[in-house]
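In my numbering, the protein residues as written are 1 to 321.
A few of these clues could be false.
[Stated by the list, open to error] For lysine-lysine, the following BS3-like pairs were computed, each having C-alpha atoms within a straight-line distance of at most 27 angstroms: (1) 240 - 46; (2) 211 - 240; (3) 54 - 225; (4) 136 - 288.
[Unchecked claim] Estimated spans, in silico, between C-beta atoms of each pair: (5) 55 - 247: 31 to 37 angstroms; (6) 61 - 216: 34 to 40 angstroms; (7) 122 - 286: 39 to 45 angstroms.
To be clear, the hints were calculated from the coordinates, so they are not data collected in a lab.
Glycine included, every Cβ here is placed at the ideal spot set by N, Cα and C.
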Amino acid sequence: MFIINKYSGLIRFFIQNLKTRIFLYSSIILTEDQYEPDLETYIQEKKFWEKSSKEYVTMSDGAELLCSYTTQNKRSSGITILFGPGYGTGVPSWTDLWDELSPDFDFFVFDSREKSTSRVKWGHKANMERLGLDIKEIVEHFKFDESKLIIISASFGCSTLARAIVEYDLNPAGIVFIGPSIKFILPRKILWLAYLIPSFILQYIAFPIVKLWINLVIPKGFQRKNYHGFISRANAMRWKKTLSIAKWNAMVDYEKITVPALITKDSKDALHTVSFSDNISAAIEGSKILEVPGYNYMHHRPGVKEFAQSLKDFIKEILPI
Numbered sequence: 001m002f003i004i005n006k007y008s009g010l011i012r013f014f015i016q017n018l019k020t021r022i023f024l025y026s027s028i029i030l031t032e033d034q035y036e037p038d039l040e041t042y043i044q045e046k047k048f049w050e051k052s053s054k055e056y057v058t059m060s061d062g063a064e065l066l067c068s069y070t071t072q073n074k075r076s077s078g079i080t081i082l083f084g085p086g087y088g089t090g091v092p093s094w095t096d097l098w099d100e101l102s103p104d105f106d107f108f109v110f111d112s113r114e115k116s117t118s119r120v121k122w123g124h125k126a127n128m129e130r131l132g133l134d135i136k137e138i139v140e141h142f143k144f145d146e147s148k149l150i151i152i153s154a155s156f157g158c159s160t161l162a163r164a165i166v167e168y169d170l171n172p173a174g175i176v177f178i179g180p181s182i183k184f185i186l187p188r189k190i191l192w193l194a195y196l197i198p199s200f201i202l203q204y205i206a207f208p209i210v211k212l213w214i215n216l217v218i219p220k221g222f223q224r225k226n227y228h229g230f231i232s233r234a235n236a237m238r239w240k241k242t243l244s245i246a247k248w249n250a251m252v253d254y255e256k257i258t259v260p261a262l263i264t265k266d267s268k269d270a271l272h273t274v275s276f277s278d279n280i281s282a283a284i285e286g287s288k289i290l291e292v293p294g295y296n297y298m299h300h301r302p303g304v305k306e307f308a309q310s311l312k313d314f315i316k317e318i319l320p321i
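Work out the full structure: start from the sequences and follow the hints.
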């Protein structure tokens, strides 16, 4: 009770200030989404996830990260895709896109160390250098041919991929940034709470506040459902270890990337803004912008088929089969 009272003033202050965010996002025009599936009847097939091999890869600091993959028995292209989901996101977010891409390539998905699947200890670091090095070490572990490697990252995963490319000389044939971020997306007040309160209180007080913030920012639908899902599965200790990344401005790395890049831009996305995509594209010489009509187009049928084809077309431009 003492601990709750100690932080109750800060929590009340935060909740009161959350209300102002309604006005911040009221300027976003939410039109009807033709790609929105029915929440009650839509079934994600999860073909890649169910048939993929699962392997824990040990990092140089002892942490173990889960990788899932399928390889083609009759490979004509030799192209490999490595997919890094965004911060905290789980299988439901991207499984439909994985199902569209994996039949045509050697397809690998890795879970970053803040996710509940990771095997980490308190002594393991989780700063930007470590998260970038994780990607490099996964590439080295599987002995990928970087000249035939395409890396796809989403949200904050784009920042960690940029760190791997610039700091650790990762040189894939091409990269795809889906809804890239420049700075960590969560509001500063949530991050203040995370710094100040212990992990076990973060789990039961701060995470419900994050869900409230999501409800204010994201309209009802699959995107909100998926975001609620990864908050529910979040591990406070793992998230607290990554707090230093909240201060990171990824433009310092984006400006140094020379790898062919495709960057999505979604005018409806309140979190991964158009300005993020435009600024990142301007920083990466020769990069291409792919404008998408919304979250569901990239995540669910029928739109995901068209989105996946756009990614395949980009890959074919870089690595003609």
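Each hint, compared with the structure:
1. 240 - 46: 30 angstroms, violated
2. 211 - 240: Satisfied, since the Cα-Cα distance of roughly 17 angstroms is no more than 27 angstroms.
3. 54 - 225: 26 angstroms, holds
4. 136 - 288: Within the cut-off at roughly 24 angstroms; holds.
5. 55 - 247: 31 to 37 angstroms: With Cβ atoms ~33 angstroms apart, the hint holds.
6. 61 - 216: 34 to 40 angstroms: 37 angstroms, holds
7. 122 - 286: 39 to 45 angstroms: Roughly 42 angstroms apart at Cβ, these two residues keep to the hinted range, so it holds.
The structure is inconsistent with hint 1 alone, although it conforms to all the rest.
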